[in-house]
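There are 2 protein chains.
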Amino acid sequence: MAKIIDPWGSTMVEDYTKLISDFHLEEFDFKLFPNPNRLMRRNIVFSGIDLKIIADSIRNKKPFYVLSGIMPSGEKIHFGNKMVVEMISYFQKHGAETYILVADLEAEATRGISLEEARKRALNFHIPAYIALGLDPKRTTFYFQSENIPVMHASYKYSKKVTQAQFEALYGNADPERIFAALTQVADILYPQFKKRMPGIIPVGVDQCPHILLTRDIVNRMKKEKFIPPSATFHKYTPSLNGYFKMSKSMPESIIELPEDPKSACNKIKRALTGGRDTLEEHRRLGAVIEKDMVFELMKQHLVEDDKELETIYKKYKSGKMTSGELKEIACKKITKFMLNLEKGIKEARKNIGKLNFVKK
Amino acid sequence: MAKIIDPWGSTMVEDYTKLISDFHLEEFDFKLFPNPNRLMRRNIVFSGIDLKIIADSIRNKKPFYVLSGIMPSGEKIHFGNKMVVEMISYFQKHGAETYILVADLEAEATRGISLEEARKRALNFHIPAYIALGLDPKRTTFYFQSENIPVMHASYKYSKKVTQAQFEALYGNADPERIFAALTQVADILYPQFKKRMPGIIPVGVDQCPHILLTRDIVNRMKKEKFIPPSATFHKYTPSLNGYFKMSKSMPESIIELPEDPKSACNKIKRALTGGRDTLEEHRRLGAVIEKDMVFELMKQHLVEDDKELETIYKKYKSGKMTSGELKEIACKKITKFMLNLEKGIKEARKNIGKLNFVKK
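If you read the protein sequences in the order shown, they are chains A and B.
Counting the first sequence from 1 gives a position; our numbering is that position plus 974.
Counting the second sequence from 1 gives a position; our numbering is that position plus 974.
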C-alpha cells in the first residue's frame, strides 16, 4: 500500500479504478445521495468506504458527523482543501454534526511551527478560508489538537491497538513521528463519537486512505467500545498544470494556490499543458485531446458549476471549434472571479472569528 | 542493546562490568558523593551517567532535580522500587528538587487500567508506599501524566527527533505502544527543566537505561533548547530467591513483594537458594559460597543497614560458623520487622494524602 498511497508523499495515481480494486474500496455512486454536488456528480469523488450508512443517516435523519482537520502551515491552501470543504459543506447541509480540528500538534512536530503560531495562522487564515469556501461556522465545532485532552489521551491508548508490522503495512514505515501523527488522527476521527456513538464521514484525498483504514482497524480491535467504523469519501487529485499529477509544492509553477493573485493564476493557466493540437488547422480538424488537458480538468473540477455549461465547453473544445487559447481565456476569467470572491469571503469571515464554537480545554 | 537491556523484559545481567564497557556507562564511585547511602557504599548502585555534574551541584548547592515515575498497576511494589525511593531520598536530602509522576497514561495503554483506577491506586497505595520508604512528601512535586499537558505536547514534539532505526537500535523494535511510552517518558524526564534548565538525576534499574540514552539523544538533537542531558544512576537487580536473576513476576515464588505478609516472606526465604554446603560437616569445613547466596544478597541489599553488622555476618557465614538456616532466621526476623514498619508507614502516609503538592491541569 505504501508504494501507491502515501499521505506524506506526492505519488501519482493514474488509474483510480485499479486503486479501488487493489484496496477493496467502494466505487462512489452519487445516486445514493440526495442533491449530489458537482464533485459527486462528476466522479471527482470517485470512491469511498461504508457510504451506505451515511446515505441512510441522511435519508432517515439520523445523527452522523463529518470531520476534517486543518494543517496550519503556510498561509495558503490549495484546491484539494477546497474539495474537502465542499464535501463537508455537502454533508453539513444534509444534517451532519460538523467538526473541524486544527492539527497544531502535528504542525509543531512535523513543520516546526509553534503552537502559538499555528493558532494565529488558523484563526487568521485557514478557518476564514474554509468559511469562505462554504463551511457554515455557526453549525461547526472547532478544536485545537493541543487543547483536546481526550484526544491526546486516546491517541496514547490506541498505540496498544496497532503493531509495528501493521503500521508498516499501511504506511511503509513506523517512524515515531508518523506514529504520533497517525494515532492522533485516529483519535481525532473518533472524537465526535466519544460522547455518542454514531456514523461519521471523513472526506479526504485518496492519499489519506491509510488513516481511514488504520482507524477502522483500531475500531475493530476495540469491539467493546462499540465505535462505528468511520466512513470516507475519496476524491481525485487536482491536476498539476504541467501534467496529470497531484499538485505538488515541489513544482510551484504547476500549482494554483488559494488565494492567489488572479494575474499570477492566469499566467500559470496560460503556461499549462493542454490537449490542443500543434497547429490551428489540425486542431479544427481533429479537436482537442481533452483527457490530457489540464485546464479543462481544472474547469471541470472547480471552475464551472453548471453541468450544461461544462458540456457545451466540452463539445466545442472536443470538436475543435474552441481553441485551447480560448479555453484558457474562459478559465482565466473564471479563476479571477473566484479568487476575488475568495479574498472577499476570507476578509468577511475573519470579522466573526471571535464567535466560533471552540471546544474548551 | 535490545538483547541485553530491555526495559519491558526480565533479562538477566550476569556481568555488570561487561555492561558498563559495552554501553560506555560510568562506573559508580561513591566517593564522589557526601554521606553515601547503603546502596551506594555497597556498589549496588554500580553505574551511572554524568554523575559529576550532580556531585558538583550537591557540593556547590546549585539547583538540580531528581525524578521518578510510578506505574500504578497492582497494589504491590517490589524491592526495585525501594531502591529507587532510597536513591530519590538520598538526592532529596542533598538538595534536589523532587518530582514523582504517576504513569497513568502508560498504565491505561499497556495494562488496560483506566485513568480513574490508576489514580485511585496511586493515591491509595503507591504514593503512600513511597512515602513510607523514605520519600519526603512535603518537598516533592507530584503529577499524573494524563493531567500534564506540557508533557503530552512535548512527547508528540519529540517524536520528530528520533527515527525508527534509532528507536530499534535502542529498544529492539518500534512498536507504536513502546514509542508512545518511551517518548512520554522522555518528556517526563525533561519536564522539571521546562521552566528552568538544570541538571537532573534519574535513579533507575539498569533495564531502564534505554530511556535515559533516548532522552540524552533527543536533547542532543535539540541543541537550541539547551536542555541539560539527564544524569542517571543504575542499580543492580534485586536477586530472585531461586537464583541470580532479576526478580520476575512470572516466578511469584521467587519474589518478595512490598508489602507482603511476614510469614509468607519468611517462607519464601526458607525455600531460597543459598550458598550453604550439602552437609553440616562440609559447611563448617568449607564455609558458605556467599556469592551464590540469595538470602545474603537480599540482606546486603536491603535488610542490614549497618556495614559492621553485615561484615560480621559475612565473616561468620563465609567461615562456616553460621549455617544457612541461621542466616535465614536472621533474615526472617529482619524482614518481619521491615514489613510491619512498612505497613504502618503506608497507613500513616495515607492520612495526609490530601495535602500533597500536585501539578494542576
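It is possible that part of the hints are untrue.
Not close to chain B: a few residues of chain A, all C-beta gaps over 10 Å, as computed [unchecked claim]:
(1) 995
(2) 1131
(3) 1134
(4) 1155
(5) 1158
Covered by chain A, according to a simulated footprint, are these stretches of chain B (three or more residues, beta-carbon under 8 Å) [said to hold, decoys possible]:
(6) 1083-1089
(7) 1147-1161
Hints were generated in silico from the structure; no laboratory data involved.
Ideal Cβ placement from N, Cα and C applies to all residues, glycine included.
Structure-based check of each hint:
1. Every CB of chain B is more than 10 Å from the CB of residue 995/A (nearest about 29 Å), matching its label as outside the interface.
2. Non-interface status of residue 1131/A relative to chain B is broken: a Cβ of that chain comes within 10 Å, the nearest being about 5 Å off.
3. Residue placement check: residue 1134/A does not keep its beta carbon more than 10 Å from all beta carbons of chain B (closest about 5 Å).
4. Non-interface call for residue 1155/A relative to chain B: violated, since the shortest CB-CB distance, roughly 8 Å, does not exceed 10 Å.
5. For residue 1158/A, the shortest C-beta to C-beta distance to chain B comes to about 7 Å, within the 10 Å cut-off, and the non-interface label is violated.
6. With 3 residues having a Cβ less than 8 Å from any Cβ of chain A, the stretch 1083-1089 of chain B passes the three-residue criterion, so the hint holds.
7. Counting residues of the stretch 1147-1161 of chain B whose CB lies closer than 8 Å to any CB of chain A gives 10, which reaches the minimum of 3, so the coverage claim holds.
When each numbered hint is compared with the structure, violations occur for hints 2, 3, 4, 5.
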